[in-house]
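Novice: Heads up: the sequence lines are chains A and B, in that order. Heads up: the first sequence at position 144 corresponds to 144 in our numbering, and the numbers run straight through without jumps. Heads up: the second sequence at position 53 corresponds to 1053 in our numbering, and the numbers run straight through without jumps.
I should point out that these hints are in silico values taken from the structure, not numbers from a laboratory. All figures in this text were calculated on a predicted structure; none of them were measured in a lab. A few of these clues could be false.
[Stated by the list, open to error] Calculated cross-link-like contacts (lysine to any residue; reagent style SDA-like; alpha-carbon spacing at most 20 Å):
1. A:K42 <-> B:K1048
2. B:K1048 <-> A:L330
3. A:K42 <-> B:H1231
[Stated by the list, open to error] Reference listing, derived: stretches of chain A covered by chain B, where coverage requires no fewer than 3 residues with Cβ under 8 Å from a Cβ of chain B:
4. 90-96
5. 152-164
The C-beta atom is built at its ideal place from N, Cα and C for all residues, glycine as well.
What follows is the residue order along each chain.
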Amino acid sequence: MKATNELILAIESSCDETSVAVVRDGQTILSNIIATQINSHKRFGGVVPEVASRHHVEAILVAAQDALDEAQVTYDDLQAVAVTVGPGLVGALLIGISAAKAISFAHSLPLIPVNHMAGHIYAARLVHELTYPLMALLVSGGHTELVYLRAPGEFEIIGDTRDDAAGEAYDKIGRVLGVPYPAGKTIDAMAHEGKDTFDFPRAMLQEDNLDFSFSGLKSAFINTVHHAEQKQEALLKNDLAASFQASVIDVLVGKTIKALQQYPVKQLVVAGGVAANQGLREQLAAHLAAAGLDQVEVIFPPLRLCGDNGAMIGAAAHVALQKHEPFADLTLNADPSLSFDYAETMLS
Amino acid sequence: MNILAIDTSSKPLSVAITADDQILSEVTLNKGFTHSQTLMPTIDDLLKLSQLTIKDIDGFAVAKGPGSYTGLRIGVTTAKTFAWTLHKPLFALSSLEVLARNIQQRSQLIVPLMDARRNNVFAGVYQWTLTNDNHLENVVSDRHISLTRLLAEIKELNEKAVFVGEIKPFMSQIFAELGHQAEFAATTANLPAAANLGLAAIDATPIKDIYNFTPSYLRLTEAEVNWQRNHKDEGHDPYVQEV
């Protein structure tokens, strides 16, 4: 694509990261300031929405100023302001939205509303050229979805979790193992030191659909630990972690392969916080090859772009701008349960 | 000096534009819409009706709290972002003082209050300074307090007090406790008027650190209160940290 030197100021505040970025043409990051609140929320073992909203007010303008400084741009250089409108915590989303509206109004810049999940997918655009149709596996603390993109900006959910998200399951069993929040990274590391000895269930893996379920796994895990406690047996924590992770990854990988068989694509984007998981990265590549899908190019955004960040919002906003999607007006509100549309096959 | 004044601290929305000691325009909406939907369109309308643009605004004033947490954040984030992005001063006033400024009685105590649920209120005590007609003195600081305790304290002050703001649900209790020591503001005075905020701002000191300016919630979150029972809130890594 011809470089147009289109610059977007993008704001993300849907959960516990306040992030502002400047992105050129939806692919080059000029700045991507991320202020995390993790030191605050780990006090409570999870994100407390009211605390998160308060921190966003403290952090938003510092992040915005740093993003403009680092990118060395002024408002005159910008084509648009983009902001996450959902899904996420409503009070948190409203901080980014209020700031984005004020900036866009003050400088007469169009305001682009962005779906946070589109941002996660388009984080890949910042490191790789994308070809369509495209498949995305979105795994985070709030979502586990297979999304099919027929064309840029056309999202269809073809598989979804019926209960917990994968990342949520990590945090819940993390609590049982006494791993501090957020648990994903530690459990991933523990899993690499242990063996899959517990043989936890692989929910829905044999079913034809592309849906996920992790609450049965979570219950099996908790029951195993409680049962051992009652009998005063010591279980190897690393083996528990390895067994849990093996089940999660088997299901994620198995369903993704099924999706790729039903929907032929050239590329698979793995996105969201759980895309940082080393076990998932290793297993996915190995199993795709074994399933004869090695022609599918797997794109994992770099770790910094897997978590919530403004640059991914800028990348998704670029796609919306190219598609001439309508800009937001001044009444723009947060949409905490915003979702992509479900494929027709999912609605029957 | 043109000031755009914003009060989103409770259910009603009030936005005004003032020029020095003149009110140019004011809108107060009390229909229960969400502030995120109505604040910016109201600002846009008010500027257009006043034949001004946002670039004509020389300073921004905001009601900083106490009040509804989400509402406060929308007003404060909007005002501080405007001030920052347009390099203009930011002024902030207690949202209780904004209410108190609706009362013109010069000799009485003024008790602005907001409902904080479970018979608690956000309240303060104010009184006009006789020597300076734009200065409202804060006699007792804004607090989150049970209505019972507030009324006991007012009783001890033993001066006539005008109650203003979200007084409707509390009137019978106030009258039962204070009798004729208490007076009640007229209906029109019980809604926040952002023009008062704009007019007060010209005598206020601008906020020094706009970046770190946050609402005056006057209450910790429940999660923090519980945590602080067993932990010391010091010597920790920064709670918000660029990575």
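Novice: Decide, hint by hint, whether the structure agrees.
Specialist: Results for each hint:
Between A:K42 and B:K1048, the direct Cα distance comes to roughly 47 Å. Violation of the 20 Å bound is thereby established for this hinted pair. As the CA atoms of B:K1048 and A:L330 are separated by approximately 14 Å, the hinted pair is consistent with the 20 Å bound. With a CA separation close to 13 Å, the supplied pair A:K42 and B:H1231 stays within the 20 Å bound. For the region 90-96 of chain A, the assignment as covered by chain B holds, since 4 residues bring a beta-carbon within under 8 Å of that chain's beta-carbons and 3 suffice.
Evaluation of the coverage hint for the region 152-164 of chain A: breached, as 0 residues show C-beta separations to chain B shorter than 8 Å, against a requirement of three.
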